[in-house]
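Engineer: Build out the structure end to end from the sequences listed, making use of the hints.
Note that the protein sequences, when read in sequence, are chains P and L.
Here the first sequence is numbered in UniProt numbering, starting from 1 and rising by one per residue.
Here the second sequence is numbered in UniProt numbering, starting from 1 and rising by one per residue.
No lab work stands behind these hints: they were computed from the structure.
Built from N, CA and C at the ideal position, the CB exists for glycine as well.
Some clues are possibly wrong.
Chain P is faced by these chain L residues, among others (derived, beta-carbon under 7 angstroms) [claimed, not checked]:
| id | residue |
| --- | --- |
| 1 | Arg78 |
| 2 | Arg79 |
| 3 | Val106 |
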Amino acid sequence: MKTAVPKRTRTAAVPKAARAGADAANASPIVPPQAIAGRTLVLVIAIMTFLAGFTIAVVSVIDRAADAWASDIGREVTIEVRPLDGVAINDEVDKAVALAQEFSGVGGARGLSDAETQRLLEPWLGPGTDLSALPVPRLVVVSIDDASSFDVKALADAVGRQIRGGSVDDHALWVDRLSAMASSMVFAGIGLMTLMLVALVLSVVFATRAAMAGNRDVIEVLHFCGAEDRFIAGQFQRRFLLFGVEGGTIGGALALLAMAIAAWAIGGSAGRPGADQIEALFGHFELPGTAYGLVLALVVAVALLTALTSRLAVRRSLSALD
Amino acid sequence: MIRFENVGLRYGTGREVLSDLTFSIAPHSFQFLTGPSGAGKTTLIRLLFLNLKPTRGLISIFGKDTALLRRADMPALRRRIGVVFQDFRLLDHLTTYENVALPYRVLGKDEASYRADVADLLDWVGLGDRKHVYPPVLSGGEKQRAAIARALITKPEFLLADEPTGNVDPPLARRLLRLFLELNRLGTAVLIATHDIGLMDQLDARRMVIEGGHLEIYE
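Structural biologist: Take a look at the structure:
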């Protein structure tokens, strides 16, 4: 029987080529999907992304609230006038108001009335206390319109020189504490996210190694077909990228959903005991726009990190085969 | 093209399974590699396609000393060698067509550029009507032919076949032998490892006989 090797031409009959091409149009993946424990990995990625996304959201809310507190406090200073023997305190308060209004950057200044002072002290002294019988300091609230041109040290010096019993409190201690607390929260959040991402990377490394062990025959065949390591790594990377996208999307969506539910639950508690304190702390409990952006960026980062980790793990394992 | 000089191989600290192998394989040549089971035929084939490194001696493949090869250089050399394994090594989750086309996919070629070649080769080995089928459904002979087609699809310069007729009946074995001869006629050097004396007697070709790790060559 005469055997003829087929000629390598590209002018083969189109119908035959088209038939064969129909097989390859949806070419099967070289690494079989069912040979990788994908469901488990997607679940792990979703959980990690959810936790990281939730952390981003919570830190964003706290950071925004801390900014608001610092901004509110930083927009005013207080002049305290202590009662001294032989000094008419009301005159000193009036002088302090007039003095403060002369300073650049000051939007206004006013002394707290007796009634306002009484209201401030009510939690400690009880209602209806006659303050005239007590040596209670008087306060002048100075609003700052333009913080850049306002010189708090100059005001403090002027008050010290011209107002008897007067001193300035710029709330620097509170601002510093708030700033330190907000920074601590942000660093704690970054630390938590880093730990979660490290755990995610380790999970992907283990899953990749397991996938390689389960596909050793495929890798051997690819090797003797002349596949380069990057080609083999690419086959695994493609599968793991899909797992990363799926798990990251599920986890990110759940994190945003959890925040929406938390906002709805806190909003729904308006009027109940404690609700006013929560609102005082956090303002209207809603997620800043940047948090949505960060969670979306997290989803993309998780998918890319998953793919990159699997690629590096495959290449490292292949190098170790020699 | 291929040159072995005093090549020895041992696994771990055991005895040498191959000792002092010295031979050459010329371009366009045809040879059988034979010997009893366990004599070292498959080990020698693994050395020939860079799957093993020798313990001692020199192996030169396509003019390159394999001891000096970097890992990144190996794929390019392996692409010039086609291998047919005794156990076929077909991927069960790919169709016959996809298995045969695998070397082209590895090369990153567009499917349209090799579609016709693969279809023609499948027709040529008698698997034209089995290209949609997955390997677990193929018979032993069909798997063997699919494995051969995969090794031939990129027209390698050197073809290694380990017991390529071990799972087929005599008529098909003769047909496969003709297939290898035709390939050789077109310029590919062929080495067939077999212990089928009948197959070797059909052809006046060089015989490399390996026994106890030592090689005798009968030109």
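Engineer: Against each hint, give a clear statement of whether it holds in the structure.
Structural biologist: Hint-by-hint comparison with the structure:
1. At about 4 angstroms, the closest approach between the beta carbon of Arg78 of chain L and any beta carbon in chain P falls short of 7 angstroms, and the interface hint on this residue holds.
2. For Arg79 of chain L, the interface hint holds, the least distance from its beta-carbon to any beta-carbon of chain P being 3 angstroms, beneath 7 angstroms.
3. Hint on Val106 of chain L holds. Least Cβ distance to chain P is approximately 4 angstroms, under the 7 angstroms limit.
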